[in-house]
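There are 2 protein chains.
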Amino acid sequence: MPSYTAPVRDARFIVTEVLKIESHADLPGFESASADIVDAVLEEAGKFASEVLAPLNASGDAQGCTRNADGSVTTPEGFREAHAQFREAGWGTLSAPAEFGGQGMPHVLGFAVEEFMSSANQAFAMYPGLTNGAVGALLAKGSPELQQKYLPKMVANEWLGTMNLTEPQCGTDLGLIRTRAEPQADGSYSITGTKIFISAGEHDLTENIIHLVLARTPDAPEGTKGISLFVVPKLLVADDGSLGERNAVSCGAIEHKMGIHANATCVMNYDEAKGWLVGEENKGLAAMFIMMNAARLGVGMQGLSQAEVAYQNAVSYAAERRQGRALTGPADPEEKADPLFVHPDVRRMLMDAKAFTEGMRALALWGGLLVDLAEKAPAEEARQEADDLVSLLTPVIKGYGTDKGYDTATNMQQVWGGHGYIVENGMEQFVRDARIAMIYEGANGIQAMDLVGRKLPKDGGRAVQAFFALVDEECAAAREVEQLSELAGRVEKANGELKAATMWFVQNAMTNPDNAGAGAHHYMHIAGIVALGVMWLRMGKAAAEALAAGASDKAFYEAKIVTARYFGERFAPDAGALRRKIETGAEAMMALPPDAFARA
Amino acid sequence: MPSYTAPVRDARFIVTEVLKIESHADLPGFESASADIVDAVLEEAGKFASEVLAPLNASGDAQGCTRNADGSVTTPEGFREAHAQFREAGWGTLSAPAEFGGQGMPHVLGFAVEEFMSSANQAFAMYPGLTNGAVGALLAKGSPELQQKYLPKMVANEWLGTMNLTEPQCGTDLGLIRTRAEPQADGSYSITGTKIFISAGEHDLTENIIHLVLARTPDAPEGTKGISLFVVPKLLVADDGSLGERNAVSCGAIEHKMGIHANATCVMNYDEAKGWLVGEENKGLAAMFIMMNAARLGVGMQGLSQAEVAYQNAVSYAAERRQGRALTGPADPEEKADPLFVHPDVRRMLMDAKAFTEGMRALALWGGLLVDLAEKAPAEEARQEADDLVSLLTPVIKGYGTDKGYDTATNMQQVWGGHGYIVENGMEQFVRDARIAMIYEGANGIQAMDLVGRKLPKDGGRAVQAFFALVDEECAAAREVEQLSELAGRVEKANGELKAATMWFVQNAMTNPDNAGAGAHHYMHIAGIVALGVMWLRMGKAAAEALAAGASDKAFYEAKIVTARYFGERFAPDAGALRRKIETGAEAMMALPPDAFARA
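Protein sequence lines correspond, in order, to chains S and H. If you want this note's numbering, it's the 1-based position in the first sequence plus 1. If you want this note's numbering, it's the 1-based position in the second sequence plus 1.
Wrong hints could be hidden among the right ones.
Treat identical chains as interchangeable: a pair holds within one or across any two.
Calculated cross-link-like contacts (lysine to aspartate or glutamate; reagent style EDC-like; alpha-carbon spacing at most 20 Å) [said to hold, decoys possible]:
1) Lys337 with Asp174
2) Lys275 with Glu100
3) Lys494 with Asp27
4) Lys500 with Glu584
5) Lys284 with Glu223
6) Lys337 with Glu223
7) Lys494 with Glu246
8) Lys555 with Glu282
Don't read these hints as lab results, they were simulated from the structure.
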């Protein structure tokens with residue numbers, strides 16, 4: 002049986018020493034995020050994740066969800082109780098706004114907690130996770146009436162939420178949506194259509210489920226400009242908040258999936274269901290992107306989360322399992338063999354995972370802080386700057402984070418050798434669960450195009466120029482720190498590759514936009530390397546300062562310095578190769594007719 | 002439901018035009034491998050694979066194997082009948098020696114057929130595949146009596162074979178084997194112990210199963226120098242060949258695995274089972290390596306096989322599924338959306354897969370030809386040269402082939418978006434099945450160490466020097482071909498990186514052997530890139546010649562030229578990054594104490 006220990010020490014280091022949360026005490030909500038509170042939240046959340054959620058991960062995978070004859074869905078054993086505890090402990094309300102009953106804590110802290118929950122049990126964590134997205138959309142675009150009716154219950158996790166986008170003929174291309182919304186005399190809409198791949202579409206964790214649904218009104222223009230967003234509750238809610246009759250929305254089937262079995266992925270049938278418009282007609286896409294952006298950061302966190310739990314279980318296996326001898330001579334001569342830890346190739350995989358998970362954690366939590374700053378920084382300029390950065394980094398966190406998260410989970414399974422392929426040992430579940438994160442909330446190819454086609458050119462490249470400057474500054478500062486000067490040089494070089502690739506797009510995408518598309522995925526990975534490089538510079542700097550100040554936890558900080566160096570040695574060189582690939586352009590890639598791909 | 006079409010055209014191109022099998026007509030067995038026969042064999046094998054085996058792939062995965070109360074094992078529905086057809090058609094005897102009833106055809110042809118069977122149904126193909134390894138060991142090391150008793154039935158696939166190496170405490174490190182073999186008065190041995198992860202350990206496909214088992218005799222020296230190999234039949238075989246009583250070997254359990262569900266992976270209990278020594282006492286490891294080397298090439302082929310079938314199904318999805326518009330403007334304006342094929346990032350994944358599968362097929366089939374030449378070339382020098390090369394390339398074919406095979410299957414699943422995560426669409430099975438190939442028959446880290454620690458230094462580096470020279474020659478020749486000169490430059494550069502990495506090992510592994518271990522995996526990947534590069538040069542040359550000669554199948558050859566170029570553009574640049582990583586050495590990688598990896 003795999004186990005999970007929340008990386009509380011590491012998260013605390015990032016939140017307090019690297020991101021220096023206390024320096025933002027002037028922001029609303031941050032006043033309550035003192036070092037003590039941060040500690041307590043992380044400790045308690047970690048305990049809940051490892052004690053309540055982790056034990057249900059393998060059993061949830063084995064049991065999956067069941068659709069009953071009446072269309073209701075039963076979650077795996079223990080999920081109802083765990084969700085009740087989750088709700089009572091208030092984990093769902095942590096960074097939700099106080100006016101709707103939330104605790105109003107910083108998102109950066111909410112993100113840290115989200116990682117723990119997702120590592121312990123990704124399928125479980127998705128239930129409240131999707132609710133956060135739905136809450137975000139209602140907060141931003143819902144009328145006061147809708148907010149009043151739904152948000153308090155959703156924030157409290159008494160009702161959970163969903164996002165209904167995909168249809169059989171329409172995944173990435175939301176312009177193809179067919180679900181219809183007919184305006185009714187009472188101001189509501191009658192919603193009819195079929196949605197697929199709806200995570201948490203039906204379940205028994207809460208009495209009510211609040212669906213946010215994309216649909217078209219009768220006169221809507223074609224394509225994405227004719228999409229509206231609706232709130233469609235499973236049970237109708239009276240004005241006094243009491244629950245009324247069942248709405249005409251039902252789960253038609255549960256999908257059989259590669260992983261996240263404990264989350265019910267439903268086909269949802271809307272058959273003249275009652276819905277209410279969120280925001281304006283035909284502006285649904287903008288509202289949907291509010292959900293999506295939050296969800297994308299959350300999905301990036303899932304990539305990290307599966308890498309982290311897989312890493313922990315690979316570390317314990319590498320310490321316990323003895324096979325072969327160190328190349329440098331027996332490490333434990335009194336034993337018949339040395340632990341796997343002595344083997345450089347095992348160490349390579351573990352160090353790769355350590356460098357990725359710790360760097361990615363820092364990046365994702367920085368993303369959380371940027372969300373806070375974009376919302377709450379006192380100066381307009383500071384809000385804009387944070388918004389620019391988090392918009393730029395969202396596809397990187399999602400795309401790079403989940404690509405590498407899956408690779409890392411796969412490598413950690415590899416550490417276990419043949420035993421990693423056996424279901425009962427749990428490593429293969431981490432790989433199966435991690436796989437979905439590369440696909441949903443915009444497949445990683447879409448993230449790459451969002452980055453290159455939308456985020457780069459936006460506002461004349463303001464965001465990416467700010468990012469370049471930030472990286473250069475960090476590198477210049479780190480060059481002065483003895484333990485970091487080599488890494489600073491490597492990150493600077495990687496940043497140079499990113500700049501060169503950006504310039505190449507500028508020069509070559511006008512004549513042929515496929516030149517941008519052909520390099521987008523590689524570009525996203527260079528950006529991921531540079532972003533993690535900056536994080537390692539910051540972590541290295543914080544560690545060097547702590548060591549210079551005579552910190553008692555010396556081993557922790559020394560490990561940061563070594564891992565920072567390793568990141569530079571083993572991650573940074575890929576940036577150059579990726580840039581060279583980008584510069585070969587789209588010609589050969591797009592040259593063949595589709596027929597040339599067929600076999601005979 | 003996924004489908005499979007054997008890439009007969011491509012295999013024929015490689016066998017006849019690239020490897021020019023007819024130029025080896027002087028070799029025993031090759032006289033019968035005329036172009037006509039090659040065509041017929043490939044056609045028929047392809048038909049068998051797609052019509053008989055492919056339809057059982059998903060159902061076999063869903064049903065898995067069942068261990069019955071009496072310890073017998075039932076394979077999924079249809080497997081018995083399919084195996085009977087396989088046996089009757091003689092697919093198991095294709096490249097087996099004629100003296101034991103085989104058809105004595107070249108291994109290169111046998112390899113091509115093995116790919117088809119494995120693409121169609123990897124779990125099925127493993128049953129006869131493992132038998133090939135057992136046959137090889139008996140051929141090389143078995144006494145004439147053992148050969149006479151077992152080989153004709155095994156070659157005919159009337160009995161299938163297994164390899165019993167792993168034990169609970171011992172996977173990679175065979176020195177830890179505990180299974181005991183006590184000599185008996187009648188010349189046999191009494192075998193007692195537990196073996197795990199035994200593929201095809203028990204099943205209902207054949208009446209008898211012939212286990213090859215590693216065990217220790219009572220006075221055997223410690224470690225790998227004290228291991229002997231035994232043949233242990235499930236049913237005892239009388240001198241007249243008739244089947245006698247049940248031997249004391251039984252299946253204790255079937256493992257629950259991530260994939261290859263239709264192959265029974267068994268815990269095998271030996272309880273004073275009767276066995277017979279193969280070769281000499283304490284020389285079991287050498288005999289085992291005969292099985293292993295053949296098996297490793299076969300496993301490399303599995304990496305290719307899952308990549309290939311996943312590629313085919315991604316290609317058809319990319320042609321049918323319509324989402325979004327081409328960046329260069331609508332490709333099909335009359336439709337609501339363009340097919341996925343127009344999107345550069347989809348094309349990137351498909352071209353990566355095309356370049357990998359076709360290059361890997363050429364490499365693996367070249368490996369097959371080298372096995373033939375090593376056995377049968379008239380001149381001792383030619384045999385030695387072929388043996389050197391195939392020994393060097395075996396860990397590359399296994400390690401690089403399966404790493405990339407898995408990555409490719411994952412990318413092809415990505416082309417399907419959310420639908421790729423749904424079990425019924427079959428893409429996720431390819432990923433799960435492909436995953437095991439990176440682990441078994443020596444995990445890929447072991448392949449990397451075999452390459453760097455054993456194959457490189459052997460005979461003063463004779464094999465790798467010969468490989469470098471061969472690559473340089475191919476590059477020099479291809480520089481003269483207009484369509485290939487760019488690729489030739491890129492492959493030459495990658496070969497330069499491989500040489501530099503080799504030199505770095507020579508200079509740095511003596512002082513610290515961990516420097517070799519720390520770079521071995523990356524080195525294996527550079528070697529894979531260079532080896533595939535050579536194959537693309539050869540394929541490009543053959544295609545250019547065919548085009549110059551006015552071949553009718555113009556589109557096929559033009560696609561080869563384009564794909565060769567793409568390989569150079571998108572695969573070759575990684576060699577430099579990998580070399581740079583290697584040159585950072587083991588220091589940071591090995592610096593941290595194991596405690597530093599734990600979370601708190």
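Which holds for Lys494 with Asp27 at a C-alpha limit of 20 Å: within a copy, between copies, both or neither?
-> Classified as neither: same-chain Cα gap 36 Å, cross-chain 56 Å, threshold 20 Å.
State whether the alpha carbon distance between Lys494 and Glu246 is at most 20 Å within one copy, between copies, both, or neither.
-> Cα proximity of Lys494 and Glu246: none, with 62 Å in one copy and 71 Å across.
How do Lys555 and Glu282 come out at 20 Å by Cα distance, when the copy is not named: within, between, both, or neither?
-> For Lys555 and Glu282, the Cα distance exceeds 20 Å both inside one copy (58 Å) and across copies (54 Å).
Between the shortest in-copy and the shortest cross-copy C-alpha distance, which are at most 20 Å for Lys500 and Glu584: within, between, both, or neither?
-> Within one copy only: 12 Å inside a chain, 25 Å across chains, cut-off 20 Å.
What label fits Lys337 with Asp174 when the C-alpha limit is 20 Å: within, between, both, or neither?
-> Between copies, since 10 Å is at most 20 Å while 59 Å is not.
If the cutoff is 20 Å on CA atoms, where do Lys337 and Glu223 land: within, between, both or neither? Let me know, please.
-> between (71 Å within a copy, 10 Å between copies)
Have a look at Lys275 and Glu100 and pick one of within, between, both or neither, based on CA distance no larger than 20 Å.
-> neither (27 Å within a copy, 78 Å between copies)
Between the shortest in-copy and the shortest cross-copy C-alpha distance, which are at most 20 Å for Lys284 and Glu223: within, between, both, or neither?
-> within (13 Å within a copy, 75 Å between copies)
This entry does not satisfy hints 2, 3, 7, 8, going by the numbered hints stated previously.
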